[in-house]
Amino acid sequence: MTKKGSDAIIERFRSITENTHEYAKSLQGKGRLLAGYMCTHVPEEILYAAGITPVRILSAHESQAMTRSYIHETYCSFSHDCAYQGLQKNYDYLDLIVHSSSCIHMAEAFNVWVRFAGFQHKSFLITYPHIIHTKHASGIMVESYGEFKRFIEEFVKKPITDEDIERAIKVYNHTRRLLKRLWEYLRHDHSPITGSEVAAVTLAAQVMEKQECNQLLELLIERLEAEPGKEPSGVRLMVTGGACDDLRIFDLIENLNYNTNLIFMDSCTAARYFWFEVPEDRPDKFEAIAEGYISRIPCPAKDNVPGTGEKKRFRFIRQFIEDYKPDGVVFLYQRFCSPQSMDIVALKPIIDMLGIPWTELELDTTVPITQFGTQLEALVEIIKRVAP
Amino acid sequence: MSYTLKAWKDFKNYQTTRYRNYAYASEGLRCMGSTWSVLAPLKGLGDDVYILGGEPHAASTAGTFPEEAREDISAAEIAGLGFHSCSYLKLFVGEVIRDKMGITDGTIKEGYPRPDLIWTTHLCNLHSKWYQEVSRRLGGVPLYPIDMIGGGDAEKDPKIVKYVCDQMEEGIDWLQRVTGREFSDESFIKAARNEIKVLVLWGNICALNMRAPAPLDERRLIALFPPAMVDRTTDEAVRLYEALFDEVKNMVATGQSVVPYQRFRIVYFGLAHTYGHPEIARILRDAGAEIVASVYTFGTAGNFRGFVNGKWSWEPIDPAWVDELDLSSRREALSALAKIVLGWPTWQGVRSYWALEQMARAMVAEFNADGLLLAPTRTCETDFRNGYIAMQRIFKNEIPTVEYDTETVDVRKMDIPGSKRKTELFVHLMEAHKKRGR
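As they're listed, the protein sequences go chains A and B.
If you count by my numbering, then the first sequence holds residues 1 to 388, one letter each, in order.
If you count by my numbering, then the second sequence holds residues 1 to 438, one letter each, in order.
Careful: at least some of the hints might be erroneous.
What the hints assert, rightly or not - The list that follows gives simulated cross-link-like pairs (lysine to aspartate or glutamate, EDC-like), each with its CA atoms no further than 16 Å apart:
(1) A:K135 / B:D166
(2) A:K135 / B:E169
(3) A:K135 / B:D173
To be verified - Some chain A residues flagged as far from chain B (calculated, every beta-carbon gap over 12 Å):
(4) E11
(5) E22
(6) K158
(7) K180
(8) P192
(9) Q215
(10) E218
(11) E227
(12) R272
(13) W275
(14) E291
(15) F316
(16) T370
(17) Q375
(18) I383
For the record, the hints were derived by calculation from the structure and aren't laboratory data.
All residues carry an ideal CB built from backbone N, CA and C; glycine is no exception.
Kindly produce the complete structure, drawing on both the sequences and the hints.
Encoded structure:
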């Protein structure tokens with residue numbers, strides 16, 4: 001049966017997440033240059049301004065042992081999997097690989113690509129602050145963006161103008177606004193789109209050509225506006241944690257033996273990717289980009305306010321809880337991701353204080369469906385007893 | 001005959017006195033943080049500033065009180081800290097949770113001494129997050145983390161040096177605000193010169209191990225660099241390292257060593273596991289195999305010539321260079337400090353595989369090594385496992401190389417039988433290599 005309405009569009013987004021290479025190669029077939037990126041601190045706008053499509057490197061969730069002889073086993077499975085994609089030559093079609101000083105784990109994955117996967121002469125590492133809230137972070141970001149721009153100009157053999165960058169900023173901001181509108185549906189009961197569908201769309205946006213992505217998002221929102229809510233309201237679960245590009249976990253959360261709704265995902269593969277905007281029409285484009293990226297929901301590895309030691313991400317999480325009203329919280333993070341576990345230890349008392357039950361799931365290469373299912377159902381049972 | 005170091009006792013006393021001063025100070029300022037930070041700005045606040053550094057304190061607590069260390073780690077895990085997190089961090093936070101502090105003289109102070117402020121570094125993923133947790137548990141201690149975008153020749157990148165200097169300059173204003181004290185540039189500059197001098201002197205002492213026999217072994221190196229970590233800003237620290245430098249120079253001149261039998265010379269990348277697990281050190285010693293160069297003991301609080309024309313060198317910096325440094329203003333002193341700290345060898349490889357590889361290559365050549373021992377630490381988030389696995393791929397066909405996981409502080413994570421077997425294999429590899437005439 002042919003799917004109609006929003007389902008067909010959601011299907012398209014999902015199919016892009018499942019066939020990233022096919023999709024990216026089709027762009028290349030249309031003459032686009034492609035740059036892979038491994039961390040969302042890479043200012044995609046600068047690549048886009050040069051006519052390059054940024055494509056996020058995603059993992060494949062295959063069991064493998066190959067990367068154990070390149071990266072220490074106590075690095076997260078996401079970094080191992082991304083390194084594996086390089087070693088397997090799955091992304092050989094990329095014209096470039098770009099990274100910004102990130103968490104150590106993803107930096108190692110990038111190193112493997114550069115060192116052992118044939119990207120030595122087509123790679124760039126952007127110097128980027130490790131603490132995003134220092135007063136001087138913007139200054140060094142602006143300088144680094146300048147170096148990056150010069151590299152890209154040499155690569156594409158043409159200058160990148162301020163107009164090019166402004167255009168890119170606007171295209172990307174449009175994507176961010178559209179994604180936010182989509183996520184807005186999850187705030188309310190009887191959403192016309194499910195949380196796992198939103199997760200798939202958000203993930204697809206990270207590999208898509210942004211104009212195409214925007215057109216599809218506009219169409220999706222238009223259709224959703226005309227559709228009734230598709231799901232009965234159930235227990236509202238919010239996810240907070242680290243990178244997770246395995247959509248099966250989000251499907252699982254919404255397919256338990258209880259009626260549940262996934263209503264928010266705070267991670268760099270979901271909300272942290274787009275929950276900010278770059279100021280438009282500023283005279284200094286790099287200052288604008290820096291300001292925008294600094295205003296993001298911080299990555300736990302970079303989150304420490306000098307003077308107080310505050311974790312700014314917690315402010316966002318409190319706000320999301322207030323806006324999205326979860327009944328339960330799922331801490332979902334990559335095994336061995338130490339910054340996450342250091343945040344969770346401080347976050348739990350806050351969630352406890354708010355009277356919200358939580359559970360903790362540690363991700364590895366594959367998802368232990370039964371085990372996670374049991375844990376999640378136990379959480380729902382706790383909530384059902386707790387909730388009035 | 002084995003040489004006995006004269007400076008040994010003074011070094012131990014210096015370290016213990018610093019900890020006692022922090023633990024029992026009835027007035028003055030208690031400052032906590034990674035001592036893998038620039039320390040001199042703290043001394044601009046006065047002479048009554050007592051420093052407790054996370055890494056050296058955790059390491060020495062583990063060495064002095066192994067049972068307590070286990071309890072500390074366990075307490076931290078029960079409180080929710082991750083099983084895979086840095087064991088130094090967990091030990092340190094565990095003391096806060098258990099409300100007691102161990103001191104290297106073997107005493108334990110009941111009642112954790114709350115710091116007045118935290119002044120620290122953010123380099124690896126956990127560096128400043130460590131102190132966020134301490135601050136939280138102690139009810140919100142003011143915390144100033146400095147972002148060190150270290151690695152890969154960073155000290156020669158003007159934008160990074162400026163970024164670090166700007167943060168420190170801002171940090172000095174913050175120090176004045178949170179303490180209500182006036183900052184003395186004179187005291188700061190004096191402390192800055194001392195800090196740089198100690199780092200350079202330690203580099204000189206380590207570089208003497210290029211000679212055969214190497215005057216110092218890993219066990220002595222590990223025990224001799226903590227004063228430079230604990231507090232390297234004092235006149236006393238400079239005097240200690242000047243005296244040690246003279247003593248070790250004399251050892252070289254007279255062909256003496258703390259371990260004269262050195263059949264094999266080892267270059268070591270790891271975090272002192274032979275110190276934490278003496279049974280492994282014994283395997284090496286029985287075979288006449290000595291660690292003569294190690295990135296941890298050399299490069300955590302020591303400076304060398306580093307990258308010159310794109311090539312790393314472990315040759316020392318002339319100590320006289322420090323005396324001639326222009327530190328006439330606050331900014332000059334901050335800039336000199338930023339450059340020296342960003343030039344620490346242990347930071348070079350944090351995010352730059354090429355720097356790590358070059359340092360290893362230079363160490364093998366300059367210290368005339370027979371083998372390369374790679375010992376990534378299981379819970380070290382960054383500095384002592386990052387890039388190590390890939391290094392084995394690169395060096396295994398060039399020099400006898402083994403790699404195995406280690407853990408110095410959290411004994412649960414150390415595979416002793418496996419590590420012993422690999423250490424024996426390493427000795428056999430070096431032996432076979434030597435027999436083949438290298």
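Each hint tested on the structure:
1. Distance hint between K135 of chain A and D166 of chain B is fulfilled; the C-alpha atoms sit about 9 Å from each other, no more than 16 Å.
2. For the hint linking K135 of chain A to E169 of chain B, the alpha-carbon distance of about 11 Å falls within 16 Å, and the restraint holds.
3. About 13 Å separates the Cα atoms of K135 of chain A and D173 of chain B, which keeps this hinted pair within 16 Å; it holds.
4. The non-interface label for E11 of chain A is consistent with chain B: the shortest C-beta to C-beta separation is roughly 38 Å, beyond 12 Å.
5. With a least CB separation of 31 Å from chain B, E22 of chain A remains clear of the 12 Å interface cut-off, as annotated.
6. Every C-beta of chain B lies more than 12 Å from that of K158 of chain A, the closest at about 25 Å, which supports listing it as non-interface.
7. No Cβ of chain B comes within 12 Å of the Cβ of K180 of chain A; the nearest lies about 29 Å off, and the non-interface call holds.
8. The claim that P192 of chain A is not at the interface with chain B holds, since no C-beta of that chain comes within 12 Å of its own (minimum 39 Å).
9. The non-interface label for Q215 of chain A is consistent with chain B: the shortest C-beta to C-beta separation is roughly 38 Å, beyond 12 Å.
10. The Cβ of E218 of chain A sits about 38 Å from the closest Cβ of chain B, beyond the 12 Å cut-off, so the non-interface label holds.
11. Every Cβ of chain B is farther than 12 Å from the Cβ of E227 of chain A; the closest lies at roughly 43 Å, confirming the non-interface assignment.
12. Every CB of chain B lies more than 12 Å from the CB of R272 of chain A, the least distance being 16 Å, so the non-interface label holds.
13. For W275 of chain A, the shortest C-beta to C-beta distance to chain B comes to about 22 Å, beyond the 12 Å cut-off, and the non-interface label holds.
14. Distance check on E291 of chain A: its Cβ is at least 17 Å (rounded) from any Cβ of chain B, clearing the 12 Å threshold; non-interface status holds.
15. Annotated as non-interface, F316 of chain A keeps its C-beta farther than 12 Å from every C-beta of chain B; the closest such distance is 16 Å.
16. Against the 12 Å criterion, T370 of chain A stays outside the reach of chain B, whose nearest CB is about 22 Å from its own CB.
17. Its beta-carbon lying about 17 Å from the closest one in chain B, Q375 of chain A satisfies the requirement of being farther than 12 Å from that chain.
18. At roughly 21 Å, the least C-beta separation between I383 of chain A and chain B is larger than 12 Å, which holds for a residue marked as non-interface.
In summary, the structure agrees with every hint in the numbered list given earlier.
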